[in-house]
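J.: Protein chains in written order, with UniProt numbering: chain A, 1 to 151; chain B, 1 to 151; chain C, 1 to 151; chain D, 1 to 151; chain E, 1 to 151; chain F, 1 to 151; chain G, 1 to 151; chain H, 1 to 151; chain I, 1 to 151; chain J, 1 to 151.
Calculated directly from the structure, the hints in this document are not laboratory data.
Mimicking DSSO-like on lysine-lysine, the simulated pairs with C-alpha atoms at most 30 Å apart in a straight line are:
| # | chain 1 | residue 1 | chain 2 | residue 2 |
| --- | --- | --- | --- | --- |
| 1 | G | LYS5 | G | LYS56 |
| 2 | I | LYS56 | H | LYS149 |
| 3 | G | LYS5 | E | LYS5 |
| 4 | H | LYS21 | F | LYS5 |
| 5 | B | LYS21 | G | LYS5 |
| 6 | F | LYS21 | A | LYS56 |
| 7 | H | LYS5 | H | LYS56 |
| 8 | E | LYS21 | A | LYS149 |
| 9 | B | LYS149 | D | LYS123 |
| 10 | G | LYS149 | G | LYS123 |
| 11 | I | LYS123 | H | LYS123 |
| 12 | A | LYS123 | E | LYS149 |
| 13 | A | LYS5 | E | LYS149 |
| 14 | B | LYS21 | B | LYS123 |
| 15 | I | LYS123 | I | LYS21 |
| 16 | F | LYS56 | F | LYS5 |
| 17 | G | LYS149 | F | LYS5 |
| 18 | A | LYS123 | A | LYS144 |
| 19 | I | LYS21 | I | LYS5 |
| 20 | J | LYS21 | H | LYS56 |
| 21 | D | LYS123 | D | LYS21 |
| 22 | C | LYS149 | B | LYS56 |
| 23 | D | LYS56 | D | LYS21 |
| 24 | B | LYS144 | A | LYS123 |
| 25 | E | LYS5 | B | LYS21 |
| 26 | A | LYS123 | A | LYS149 |
| 27 | B | LYS56 | E | LYS5 |
| 28 | D | LYS123 | D | LYS149 |
| 29 | J | LYS21 | J | LYS56 |
| 30 | A | LYS123 | A | LYS21 |
| 31 | J | LYS5 | J | LYS56 |
| 32 | E | LYS144 | A | LYS123 |
| 33 | D | LYS21 | B | LYS56 |
| 34 | A | LYS21 | A | LYS56 |
| 35 | E | LYS123 | E | LYS21 |
| 36 | H | LYS149 | I | LYS149 |
This structure is a prediction, so every number in the text was calculated from the model and none was measured.
Protein chains: 10
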Amino acid sequence: MTAFKNRQDVTGAIITARVAKGVSWGDVATAVEQSKEWTVAACLGQMAFTSVQAGKIVALFDLDETALPWLQIPPSKGSLSGAPPADPLLYRLHEIVSVFGPAIKELIHEEFGDGIMSAIDFKFEIAREANPAGDRVSLNMSGKFLPYKAF
Amino acid sequence: MTAFKNRQDVTGAIITARVAKGVSWGDVATAVEQSKEWTVAACLGQMAFTSVQAGKIVALFDLDETALPWLQIPPSKGSLSGAPPADPLLYRLHEIVSVFGPAIKELIHEEFGDGIMSAIDFKFEIAREANPAGDRVSLNMSGKFLPYKAF
Amino acid sequence: MTAFKNRQDVTGAIITARVAKGVSWGDVATAVEQSKEWTVAACLGQMAFTSVQAGKIVALFDLDETALPWLQIPPSKGSLSGAPPADPLLYRLHEIVSVFGPAIKELIHEEFGDGIMSAIDFKFEIAREANPAGDRVSLNMSGKFLPYKAF
Amino acid sequence: MTAFKNRQDVTGAIITARVAKGVSWGDVATAVEQSKEWTVAACLGQMAFTSVQAGKIVALFDLDETALPWLQIPPSKGSLSGAPPADPLLYRLHEIVSVFGPAIKELIHEEFGDGIMSAIDFKFEIAREANPAGDRVSLNMSGKFLPYKAF
Amino acid sequence: MTAFKNRQDVTGAIITARVAKGVSWGDVATAVEQSKEWTVAACLGQMAFTSVQAGKIVALFDLDETALPWLQIPPSKGSLSGAPPADPLLYRLHEIVSVFGPAIKELIHEEFGDGIMSAIDFKFEIAREANPAGDRVSLNMSGKFLPYKAF
Amino acid sequence: MTAFKNRQDVTGAIITARVAKGVSWGDVATAVEQSKEWTVAACLGQMAFTSVQAGKIVALFDLDETALPWLQIPPSKGSLSGAPPADPLLYRLHEIVSVFGPAIKELIHEEFGDGIMSAIDFKFEIAREANPAGDRVSLNMSGKFLPYKAF
Amino acid sequence: MTAFKNRQDVTGAIITARVAKGVSWGDVATAVEQSKEWTVAACLGQMAFTSVQAGKIVALFDLDETALPWLQIPPSKGSLSGAPPADPLLYRLHEIVSVFGPAIKELIHEEFGDGIMSAIDFKFEIAREANPAGDRVSLNMSGKFLPYKAF
Amino acid sequence: MTAFKNRQDVTGAIITARVAKGVSWGDVATAVEQSKEWTVAACLGQMAFTSVQAGKIVALFDLDETALPWLQIPPSKGSLSGAPPADPLLYRLHEIVSVFGPAIKELIHEEFGDGIMSAIDFKFEIAREANPAGDRVSLNMSGKFLPYKAF
Amino acid sequence: MTAFKNRQDVTGAIITARVAKGVSWGDVATAVEQSKEWTVAACLGQMAFTSVQAGKIVALFDLDETALPWLQIPPSKGSLSGAPPADPLLYRLHEIVSVFGPAIKELIHEEFGDGIMSAIDFKFEIAREANPAGDRVSLNMSGKFLPYKAF
Amino acid sequence: MTAFKNRQDVTGAIITARVAKGVSWGDVATAVEQSKEWTVAACLGQMAFTSVQAGKIVALFDLDETALPWLQIPPSKGSLSGAPPADPLLYRLHEIVSVFGPAIKELIHEEFGDGIMSAIDFKFEIAREANPAGDRVSLNMSGKFLPYKAF
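The shape of chain A in the complex, shown without the other chains (with noise of 0.2 Å):
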């Protein structure tokens, strides 16, 4: 086992050990004991653990012990270069963006005045909707209101 050179290597070998042991998200989420939607963001590298919970991701997924301080460190975040993502789910993802996007801006601003959703103080669900039609994807938001201030 190699020494961590930065925290990209150590999600590229929590990807790896979770495929190749067969360890669900679930199974992950349980272990670090909160939702499955943030631990599955932290794993990728995009949220910081607490020293308890980095040991036991090092520990789950057999990781060299230099994961440690990588997985506590705030990481550099997001995973868009610029141009739309080329996979057709995370598109779908930017084309709700590109099409309802301003339309969801209308509507904060006329309930809330100007301001933004926080994308920091911020929590997000999934969940299946039972559908005969065909089973749907729920996606539930909540983010703070955070609003403008004259100064």
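Given the structure of chain A, go ahead and fit chains B, C, D, E, F, G, H, I and J onto it with the hints provided.
T.: The following block gives chains B, C, D, E, F, G, H, I and J in isolation, referenced to the frame of chain A:
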């Protein structure tokens, strides 16, 4: 009043008239008997109205009659032209896709297998979530799961 | 043989092995009992195999066993990274979308109304069209029409 | 009626007149005695009409006579300016090239050797495919195979 | 005087009127009773005015009354469209983010943990710093720290 | 330990060693006797160290001796490659330039005339601003004003 | 004559008037009593004139009086919007930066240490260099060296 | 020592060896008996050496003999890949082209007519210009004027 | 007839007039007594005419007299703005540079050494090459070889 | 010698071996009995060799036997990745398309009607054109004209 030459001009006229007349999006939704969410998207040029709805939009905003066919024809959709959006509210939606998108992808695949959440057979809803630490924006999305099938 | 760390490496190994062993795509399709079209797309990393099919791919190309889970997991899809493709054959497909795409859009809307041709519930077929002036490529696509619905 | 200064303005006038007069693309195709597919592409500024066809287009849409030479001159073609198209229907066509393009390339090479499917000596056809699970769009393309030859 | 159709036109009219009338930004700030910093940002179309402030802006610059609602509605913000800014003064700000941004990120994380400095709950101040070797620009920014929280 | 081939590799080694050894940026600044702000920028490959400072960095992080000349040579600087940064903290800095940059430009010109705030004869400081509504990040910048002169 | 709304329109009017009246850039420089080099840059909208110079420009080119304040205000500068310039003469300047820029960087650092050649405290001069093999363009630049200093 | 596979690897080896051995660019220029300016450009992979010069470079930097043919073959040149350079010194050169390029174009055309300053039949020289207000960088360029001719 | 404000407007007027009057490019070339190739390039705004030629162009196309100086001034040239051209004919030229450009580079270097084929001291000719298998376009280019010289 | 994994590696090995062995492109062309122009394009990875030719290439450059199938399979072609090429020789070819491309388009359409010059059924030839004012590069291209046909 000059004749409309394309849907984009009709959209501009609706935006201008709504601000000048002080009509709320809720009023528009009531007039066309759809959700506020869909109505704003349609007024911003992303959806096609029925003939009856188009007539109500023309009446509500005092538009030239040539707007009628344009409002009923499938428009050229989408508002993002490649680079991430500069507007802070729209950027936060883009950032959510960038930071949490890969996690959403993993979880949908774990629950449903290979496929996507449709952005066509899709609806969304925005609501205020009262919270003593500052109210939150609740943004709920529901899209049909479409599986890839071998052929 | 080293363990595979992601699907992209598995795809690279399949491409190398197929050329080295001189296996035709038709042979691969026979092995996994699907159409040639779907089989090639899947081997190039765009589709997920069933467990049985993954086993046959590993056997056919003498791959390391760690390829098995990667072949069954929904991959990150898409091969275009923003700019038009430089390869002349791929560019001709891109040019068809550029030159004839708006006409295709008009005709689908005239026939079906507002909506799209699905790229998920989709299949295609390639055939040789004998022609004295030079044989032709026949490329047939079939995708479910998905209508936008008001909500 | 003002004189037309370029083909793009003629295209805009055709689009506007067709919507205003409620003419279907099928009617236009009948008038110029070509397929619907080619006719729409030509009306959208991608193809050159014959002198007789140009006269029929001018009559059908009540265009200024200065449209006549513009309709017969080879136009500057193509509608994609670099970034993937934002419109969902056009994006699905782009995604098909992205996801299935490399497979199409492999299969054409396996069947025909090195070369391309022409996008010039090319035609396409759109049809409705009735299907109890929801009708499908059938999009058939036929392009001459052009081989690379050593020199 | 023609009616305003969007906020961008109102911004253009303010810029033109301020230069033509020779009004200083300090005078504008006095009129709306906010800091110079916020006032300029708002006049350049980045912030929403209150009803009283909008009235003062219209009076000060002799604008058409239709400017009133536009000045009070949350605008579409942001001035950078992807590429770095060409203007040398703006580029220096961009360069500071490029050269010193990663250091700023490290230090905020060392002091506060994982999270961001808000650009919404944010204010800034510009002052002249007298200096015998040439006066300096002092640019002070203050933004609320927003931590990421597990969910 | 292998010899360093460029400054970028030295930067990578510093980042890895700092996390592995758990050294704080404050400790590094103490070692080289400069501000934390400058020290972090220099360690991240943006500034040149003196010979004495380079020696202390090599000792502190146990680097190969070949790092010494690289640390003292003017590096190739800058971390933004065109597109806006994807990391949320860095993006907020970018957004501040996008939303408030034109206002900063106006106010510097009103106070100083035509010219720029230098990004070379420049320093910055980060501090925690205690606040009952949540602590704030205070980011102070000071750059020499450089006027354009006619020639 | 219509009132000017921004500096860009004034620049356009100067360019049009200079060609229509057949005034040489040398004549303009004589009128404003600066070098030809600075004068052309200023007329093309890159520099601010003094009040006296602005008056001479307005007189020389018969411009509307509303041009006066625009000519004296620090303009938004820069003519390159991201992609390399398409004009062959401008491209050669860009190519010189591309081919010889890294060598210039090395030599300035070898002579002066870490820092830059100012593009603000900067002047340039163009002259004809007679040469039997074909005359040469001599382009001399002089910019103050600005060192980075630790803080 | 491994064999070199391309010119880029030779360039990397020269850069590494020069820093490790502490050789100045002036020393290199003396060895190959050319100006410092041309020598640095050539060492950075932009120019081809003669056989004698290549031998001296290999000796001076202790390079593997396989570097010899690479140093004499016309290289693939240019260091800018589309976006403006991020390094502050290189960016200032880019900014000079952006701010003063159109003025340079006008003055070359006024003096020489339609054509360009060659970037091939071209040389440059860098010198220190002593100045009590701070030394200046003098950058002199000389390129043959190449006129466009009708044909 | 309105006065021309720049060369681009003159180019637009020539294009419009040529189509409206049905003048062939051969006729224009005869009028200005140059090759068809150069004449079309000049009419499309890429080259400067002599005073006599400008007069003939104005007469032939019935242009406003203000076109005269614009036709004689070195224009801002180039038609490609970064992305590959969308027009199929222009794209084929771009593809030839993409597919065969590196081979052309190798062969020019093998024959001439380091340098370029000038695009300024350059001419081209287009001819029909009769061929029983379908006529061919013959495109002959001739550009002076310009060697790089050490300095 | 390691086994080749794709055509790109084979191309790299050919480039390295040719420089190391000092083989001229003319020698390679003689070996495969095709023109120098086609041979270089093929060696640079743009064309497929016959089985006999592939054997000669492997022998001439002492390549591993696994190169054989790669040299005979239709490669992924094209060398331009979106932005204009930085190399000065390649850029001049790009500039010719930019400056003269629209004129070439006009003249091909005037002579042949709507269609393109094929870049597939295409050949080119490079020759030295002796000239007392400096030798010239003669670049002759011949491509089949492919007309658009109505369908």
